[in-house]
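Colleague: Now for the letters of each chain:
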Amino acid sequence: MKCLAIAKKDIMMYYLKGPVVIFGILLPLFLFLAFWIGRDLPLNFLMAGLISMTVFFASTSVSPVIAPWEGQMRTLERLLACPVSTSTIIFGDIIASLSFGICMSFIPLLLAFCLGFTPNPVIIPAILLATFCFSCLGLLFSAYPTNLPSTVMMISSLVRFPLIFVSGIFIPVQELPAWGKVVSMISPLTYFTDIARDSFGMSPFLPIYLDFIILAGFSIGFLVLAIKLHEHALLRRL
Amino acid sequence: MMAIEAEDLKKRFGDVEALKGVSFKVKRGEIFGFLGPNGAGKTTTVRILTGIIKPDFGKARVNGYDVVEETLKAKESIGVLPEVSNAYPDLTAWQNIMLIASLYGMRKRDAEARANELLKEFGIYERKDAKVRGFSKGMKQRLMLCMALISDPEILFLDEPTSGLDVQSARMIREKILEIANERKTVFLTSHNMDEVNMMCDRIAIINRGKIVTIDTPERLKSRVGGSVAIEVSFGGKVELNIENAEKVGDKYVIYTTDPYKTICEVVDFARKSSAEIVSINTRTPTLEDAFLKLLEAEG
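Protein chains in written order, with my numbering: chain A, 49 to 286; chain B, -1 to 298.
So that you can see chain A by itself, here it is in the shape it has in the complex (with noise of 0.2 angstroms):
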């Protein structure tokens, strides 16, 4: 399980990072503060957001910075010359990256039962699909070849903050407009949030199943285009 040993390197390595702490922790409750505070709306609707926004946060916050902080620090090339390949490479720090979300997502689960909801459990394997869905996508992130970690935040709130904004998690899919309702269905994070509303108890916009489907497409096509673009990008991080 060599993956394994690149994902425990991973999270000793990387876990702590100044751009993993702020992107993956305090962003996502910046934002749902910002969003709940002085606004009245019901809890159920605030609390599948803020677990939306927290998976989707945390688990494109690890995947990103791995290569290029390897790059940056000469510890890549002695990577690549040991016997793994570049798709174990990309499972370790797929591991890591969701190990991450998955842990973060504790958080306002745990809120949630403290608030006394009890989430429908079909919300726990839709945490571990998204959390690898994400994960993939942050990897497509840093496919772009530079050594610079703040090149690869820059390019990943590029694409994150819009998703956060079509995804439905500040207003349901259900009350955009027609081409709001189109722009959305291109983003991962749409299905994950209406997962989320289900397991709260609102109606969702897709059926569940579809939702699901859709995820795991998505998990795949990242991850195949993942490896393709890293197979390249690795060797000219040298």
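In short, the hints are calculated from the structure, not lab data. These numbers were taken from a predicted model, which means no experiment stands behind them. Each statement offered as a hint is correct.
Simulated restraints on C-beta separations:
#1 B:177 <-> A:265: 52 to 58 angstroms
#2 A:66 <-> B:15: 38 to 44 angstroms
#3 B:81 <-> A:210: 38 to 44 angstroms
#4 B:105 <-> A:165: 43 to 49 angstroms
#5 A:213 <-> B:6: 52 to 58 angstroms
#6 B:135 <-> A:228: 55 to 61 angstroms
#7 B:129 <-> A:207: 30 to 36 angstroms
The calculated DSSO-like cross-link candidates involving lysine-lysine, where the alpha carbons are at most 27 angstroms apart (straight line), are:
#8 B:57 <-> A:276
#9 B:8 <-> B:71
#10 B:135 <-> A:65
#11 A:50 <-> B:129
#12 B:8 <-> B:23
Built from N, CA and C at the ideal position, the CB exists for glycine as well.
Knowing the structure of chain A, use the given hints to seat chain B on it.
Modeller: Just chain B now, with coordinates in the frame of chain A:
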């Protein structure tokens, strides 16, 4: 079976042709030196042989495995100390070694026993639980060598292993390399340190502008320099020495000659005629560095 075989390797990066058909063979148990100026293609060759990059053309086999078709098997039989490389600074020495052991698929018990042995041998056992961030350059390099040796590889690729190290660390690493070769293991050594290469290598390949210039033993390479003796002479003031084959090197002139008596007489005559003071005059056999520079000069 040869330990390493490279056959007509070619590699291009954009407009730059890094390798233009590199071929050589390295026997088992040999310490094989790989020399060349910066940008000659050394690192590209090493990266192809260690399975990090693929050649555009040509074949390479390491321990009998094709580095393109059987990359993982080839990698399993080698240990690598890359030139521009680092251990993970936020991990301890122990965690770094165990990470590499896991990536080589070693059993935990075997890896721990081997790691303890290597850390003691290289004098960093006492610091095994300290983060690498606080290590000196010499300690980091010794740790990198421990990481390269953890899997007890048949073939070791060392890229500038003693570059910038203190005398003690450099000597320790050189002694270890010789010990490894005594165990009939193969060492592929890239270095800019000519004394080190001269002292340790069985054979040397010189690469320039992506092509192998020559492959030979250190002694034979030295004997290829124009004359068998180098005369070093330094003068008290600024002097233009007009003698055939005289080259200015720092504050002295070096003249390669097959007739040292005649050349010394010419130097003394020159000093007398031009009233120049001879501060020192020495004869020595050409060094590997002389041979290296001459061969590159001949290449243009």
